[in-house]
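Enquirer: Sequence:
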Amino acid sequence: MEKARSKYPSGGFCAAWGCSNRQTKGDGRKYHRFPQDPTRRKQWAAALKREGFVVTEYSRICSDHFTKESYNGSGRLNCSAVPTVFNFPDHLRLTVNKLRTCVTFYSNVPSNHVTLAAMLA
1 MEKARSKYPS GGFCAAWGCS NRQTKGDGRK YHRFPQDPTR RKQWAAALKR EGFVVTEYSR
61 ICSDHFTKES YNGSGRLNCS AVPTVFNFPD HLRLTVNKLR TCVTFYSNVP SNHVTLAAML
121 A
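full-length UniProt numbering puts the sequence shown at residues 1 to 121.
Among the clues, some could well be false.
Claimed, not checked - Cut-off 25 Å, straight-line C-alpha distance, at most; resulting in silico cross-link-like pairs (PhoX-like, lysine-lysine):
no., residue 1, residue 2
1, K30, K42
2, K25, K68
3, K25, K42
4, K30, K68
5, K49, K30
6, K42, K68
Unchecked claim - Pair by pair, the computed Cβ-Cβ distance ranges are:
no., residue 1, residue 2, range
7, Q36, D90, 27 to 35 Å
8, E51, K25, 15 to 23 Å
9, G26, A46, 26 to 34 Å
10, G18, Q43, 30 to 38 Å
11, G52, G75, 14 to 22 Å
12, D37, G73, 21 to 29 Å
13, Q23, R50, 14 to 22 Å
14, K30, T56, 17 to 25 Å
Source of the hints: derived by calculation from the structure; they are not laboratory data. Every residue, glycine too, gets a C-beta built ideally from N, C-alpha and C.
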């Protein structure tokens with residue numbers, strides 16, 4: 001009897017935006033399934049920033065998108081790991097630099113000065 005062929009070949013693609021990594025033997029990467037927990041699954045999907053992306057049982061994210069701190073000593077993902085390493089185009093990047101500039105600006109104000117935040121509180 002012939003083995004049933006999967007709709008998706010073994011060796012799925014990484015679901016991350018712009019990542020062309022494909023699961024093949026010996027490439028040195030791990031390909032992680034999306035978590036079963038609905039909350040964490042949404043976190044992973046949101047991290048991808050792919051409009052209209054639907055997670056399926058075949059969806060994978062390669063290890064290139066996780067920090068070293070995301071793994072425990074045995075090489076498995078920590079239970080709280082979320083993919084954070086991406087090469088997004090400028091229009092998808094979070095403008096963190098602007099936020100840091102504001103925080104830096106307010107942190108340099110002497111404590112005896114009234115800040116905008118204090119006036120609004």
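Enquirer: Does each hint fit the structure? Answer for all of them.
Expert: Each hint, compared with the structure:
In summary, the hint linking K30 to K42 is supported, as the alpha carbons are separated by about 21 Å, within the 25 Å threshold. For the given pair, K25 sits about 21 Å from K68 by alpha-carbon distance, which is consistent with the 25 Å threshold. This hinted pair does not check out: K25 and K42 have alpha carbons roughly 29 Å apart, beyond 25 Å. At most 25 Å may separate the alpha-carbon atoms for a hinted pair to count; K30 and K68 meet this at roughly 13 Å.
A C-alpha spacing of about 21 Å is found between K49 and K30, which places the hinted pair at or below 25 Å, so the restraint holds. Taken as a hint, the K42 and K68 pair is honoured in the structure, with Cα atoms around 22 Å apart against an allowance of 25 Å. Judged by the Cβ atoms, the range 27 to 35 Å given for Q36 and D90 holds: they are separated by roughly 34 Å. Remark: the range hint 15 to 23 Å for E51 to K25 is contradicted by a beta-carbon distance near 33 Å.
For the pair G26 and A46, the supplied restraint of 26 to 34 Å holds, since their beta-carbon distance comes to about 32 Å. Separation of G18 from Q43 is about 20 Å and departs from the stated range, judged on CB atoms against 30 to 38 Å. Remark: the range hint 14 to 22 Å for G52 to G75 is contradicted by a beta-carbon distance near 33 Å. At about 22 Å, the beta-carbon gap between D37 and G73 stays in the expected band of 21 to 29 Å.
In this structure, Q23 and R50 meet the distance hint of 14 to 22 Å, their C-beta atoms being roughly 18 Å apart. The supplied range of 17 to 25 Å is met by K30 and T56, whose beta-carbon atoms lie about 19 Å from each other.
Of the numbered hints stated above, those contradicted by the structure are hints 3, 8, 10 and 11, listed in ascending order.
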